[in-house]
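Protein chains in written order, with our numbering: chain G, 10 to 163; chain L, 24 to 190.
Where hints are given, some of them may not hold.
Unchecked claim - With a Cα cut of at most 20 Å, we get these calculated SDA-like pairs of lysine to any residue:
{"id": "1", "chain 1": "L", "residue 1": "K59", "chain 2": "G", "residue 2": "E71"}
{"id": "2", "chain 1": "G", "residue 1": "K19", "chain 2": "L", "residue 2": "K59"}
{"id": "3", "chain 1": "G", "residue 1": "K28", "chain 2": "L", "residue 2": "P118"}
{"id": "4", "chain 1": "G", "residue 1": "K127", "chain 2": "G", "residue 2": "K154"}
Said to hold, decoys possible - Each pair of labels, with its calculated beta carbon distance range:
{"id": "5", "chain 1": "L", "residue 1": "V92", "chain 2": "G", "residue 2": "P147", "range": "23 to 29 Å"}
{"id": "6", "chain 1": "L", "residue 1": "K63", "chain 2": "G", "residue 2": "H26", "range": "22 to 28 Å"}
{"id": "7", "chain 1": "L", "residue 1": "E122", "chain 2": "G", "residue 2": "S38", "range": "25 to 31 Å"}
{"id": "8", "chain 1": "L", "residue 1": "T87", "chain 2": "G", "residue 2": "K87", "range": "42 to 48 Å"}
{"id": "9", "chain 1": "L", "residue 1": "G132", "chain 2": "G", "residue 2": "S69", "range": "44 to 50 Å"}
{"id": "10", "chain 1": "L", "residue 1": "S138", "chain 2": "G", "residue 2": "L114", "range": "45 to 51 Å"}
{"id": "11", "chain 1": "L", "residue 1": "E122", "chain 2": "G", "residue 2": "P15", "range": "55 to 61 Å"}
{"id": "12", "chain 1": "L", "residue 1": "L88", "chain 2": "G", "residue 2": "V55", "range": "20 to 26 Å"}
{"id": "13", "chain 1": "L", "residue 1": "Q78", "chain 2": "G", "residue 2": "E90", "range": "31 to 37 Å"}
{"id": "14", "chain 1": "L", "residue 1": "E57", "chain 2": "G", "residue 2": "L105", "range": "28 to 34 Å"}
{"id": "15", "chain 1": "G", "residue 1": "S38", "chain 2": "L", "residue 2": "V71", "range": "17 to 23 Å"}
{"id": "16", "chain 1": "L", "residue 1": "E122", "chain 2": "G", "residue 2": "L114", "range": "33 to 39 Å"}
{"id": "17", "chain 1": "L", "residue 1": "P29", "chain 2": "G", "residue 2": "G85", "range": "28 to 34 Å"}
As the list claims (entries may be wrong) - Partial list, computed: chain G residues near chain L (C-beta under 10 Å):
{"id": "18", "residue": "S23"}
{"id": "19", "residue": "K28"}
{"id": "20", "residue": "F58"}
{"id": "21", "residue": "H77"}
{"id": "22", "residue": "C96"}
{"id": "23", "residue": "T135"}
{"id": "24", "residue": "L137"}
To be clear, the hints were calculated from the coordinates, so they are not data collected in a lab. Every residue gets a Cβ at the ideal spot worked out from N, C-alpha and C, and that includes glycine.
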Amino acid sequence: MSQEKPCKVKIVTSPKHTKRAVMFLVEHSASFVNIEEAFCDLDEDVKDFFNVSFDYWIDSLERKHRYHGWDKSEYGGKYTECFVFKCNNHRLYGFLCHPKEPDDLGFYACVIVLQAEKNQWKTDKTELKRAEEMRQDPNVQAACKKAFSDKEGK
Amino acid sequence: MKTTNPHWTSINTDKFLYRIASDFVEQIRDRLDELKWTQKRFANELNVSPGRISQVFNNPGNLTLETMVEWARAIGMKVSILAYQDNDPFNEFGPINSEIFRRCWVNAGLPRDFSRLRLNAIQEVSPTSTAILELGAQNACSSNHTYQPSVRLTAPLSTDAVIGARQ
Numbered sequence: 010m011s012q013e014k015p016c017k018v019k020i021v022t023s024p025k026h027t028k029r030a031v032m033f034l035v036e037h038s039a040s041f042v043n044i045e046e047a048f049c050d051l052d053e054d055v056k057d058f059f060n061v062s063f064d065y066w067i068d069s070l071e072r073k074h075r076y077h078g079w080d081k082s083e084y085g086g087k088y089t090e091c092f093v094f095k096c097n098n099h100r101l102y103g104f105l106c107h108p109k110e111p112d113d114l115g116f117y118a119c120v121i122v123l124q125a126e127k128n129q130w131k132t133d134k135t136e137l138k139r140a141e142e143m144r145q146d147p148n149v150q151a152a153c154k155k156a157f158s159d160k161e162g163k
Numbered sequence: 024m025k026t027t028n029p030h031w032t033s034i035n036t037d038k039f040l041y042r043i044a045s046d047f048v049e050q051i052r053d054r055l056d057e058l059k060w061t062q063k064r065f066a067n068e069l070n071v072s073p074g075r076i077s078q079v080f081n082n083p084g085n086l087t088l089e090t091m092v093e094w095a096r097a098i099g100m101k102v103s104i105l106a107y108q109d110n111d112p113f114n115e116f117g118p119i120n121s122e123i124f125r126r127c128w129v130n131a132g133l134p135r136d137f138s139r140l141r142l143n144a145i146q147e148v149s150p151t152s153t154a155i156l157e158l159g160a161q162n163a164c165s166s167n168h169t170y171q172p173s174v175r176l177t178a179p180l181s182t183d184a185v186i187g188a189r190q
């Protein structure tokens, strides 16, 4: 039986922000989880664009041309907790969660799982399905909680 | 003691510039949406190609101050530069979004000068506050604002506030 790779997330925005955080899923046995390496390989101006988007998202700014989720009317409501950051044809797919519950139900995180290039008008469902699979993975959920409890010295 | 979690804009000056230029571009976008202008119309107004607008929207890092002024003026806006202290000397949180400063100015009643700023601040103070001030009526009025001399507070405010109100 092969040993599963440990699951690890990294907080990429300020861990001191009181309301939100953006995280990268940096280690997982699923081969499609590629965000850390893929982000590093992006052109500098694309990385900057995404970093600005992360800043805006944690400040709860509405910027649909930079990021958005999906509502119940799309894909039969299967991906309402998925999220995407956009820059030209680059897409960073992830999911939303509350990693500090039950202590802080209001704290919101976006965990980015993979980077892909979008070549079609419609979203590729494969990426959404993968993001949703990670959202439901108990190891990923535990890693998200641990990332914050480690920061807070719990 | 330096932080172990500096914001990405701490990497170098270009990153910090990129971020504040992005804030400016977002304000332009918002204004274009309000006016219901397309990027093409905006480009025509500026006598540049639509591609140039798109290029800057996607990568504002090289925006010059001159261009910012041209773009703002083309849609009836102005530009101000400010320096501020935010109790974040090691830049853990990044720049304050310029939209916050704009909204504060709006919330302060759009003061055009320091007298109006002081007067608007006084007018905003709750009647239950512990400051006394008798407001001079006539000189505080301007053609754009209606002055309400009915504010009475209960203890003296700073001298500046009193002088501002009685100009």
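Structure-based check of all given hints:
{"no.": "1", "hint": "L/K59 / G/E71", "verdict": "holds (18 Å)"}
{"no.": "2", "hint": "G/K19 / L/K59", "verdict": "violated (40 Å)"}
{"no.": "3", "hint": "G/K28 / L/P118", "verdict": "holds (17 Å)"}
{"no.": "4", "hint": "G/K127 / G/K154", "verdict": "violated (31 Å)"}
{"no.": "5", "hint": "L/V92 / G/P147: 23 to 29 Å", "verdict": "violated (54 Å)"}
{"no.": "6", "hint": "L/K63 / G/H26: 22 to 28 Å", "verdict": "violated (38 Å)"}
{"no.": "7", "hint": "L/E122 / G/S38: 25 to 31 Å", "verdict": "violated (42 Å)"}
{"no.": "8", "hint": "L/T87 / G/K87: 42 to 48 Å", "verdict": "holds (47 Å)"}
{"no.": "9", "hint": "L/G132 / G/S69: 44 to 50 Å", "verdict": "violated (25 Å)"}
{"no.": "10", "hint": "L/S138 / G/L114: 45 to 51 Å", "verdict": "holds (46 Å)"}
{"no.": "11", "hint": "L/E122 / G/P15: 55 to 61 Å", "verdict": "violated (41 Å)"}
{"no.": "12", "hint": "L/L88 / G/V55: 20 to 26 Å", "verdict": "holds (25 Å)"}
{"no.": "13", "hint": "L/Q78 / G/E90: 31 to 37 Å", "verdict": "holds (34 Å)"}
{"no.": "14", "hint": "L/E57 / G/L105: 28 to 34 Å", "verdict": "holds (29 Å)"}
{"no.": "15", "hint": "G/S38 / L/V71: 17 to 23 Å", "verdict": "violated (50 Å)"}
{"no.": "16", "hint": "L/E122 / G/L114: 33 to 39 Å", "verdict": "violated (27 Å)"}
{"no.": "17", "hint": "L/P29 / G/G85: 28 to 34 Å", "verdict": "violated (43 Å)"}
{"no.": "18", "hint": "S23", "verdict": "holds (5 Å)"}
{"no.": "19", "hint": "K28", "verdict": "violated (12 Å)"}
{"no.": "20", "hint": "F58", "verdict": "holds (7 Å)"}
{"no.": "21", "hint": "H77", "verdict": "violated (15 Å)"}
{"no.": "22", "hint": "C96", "verdict": "holds (7 Å)"}
{"no.": "23", "hint": "T135", "verdict": "violated (26 Å)"}
{"no.": "24", "hint": "L137", "verdict": "violated (24 Å)"}
In this structure, the earlier hints numbered 2, 4, 5, 6, 7, 9, 11, 15, 16, 17, 19, 21, 23, 24 are contradicted, and the remaining ones agree with it.
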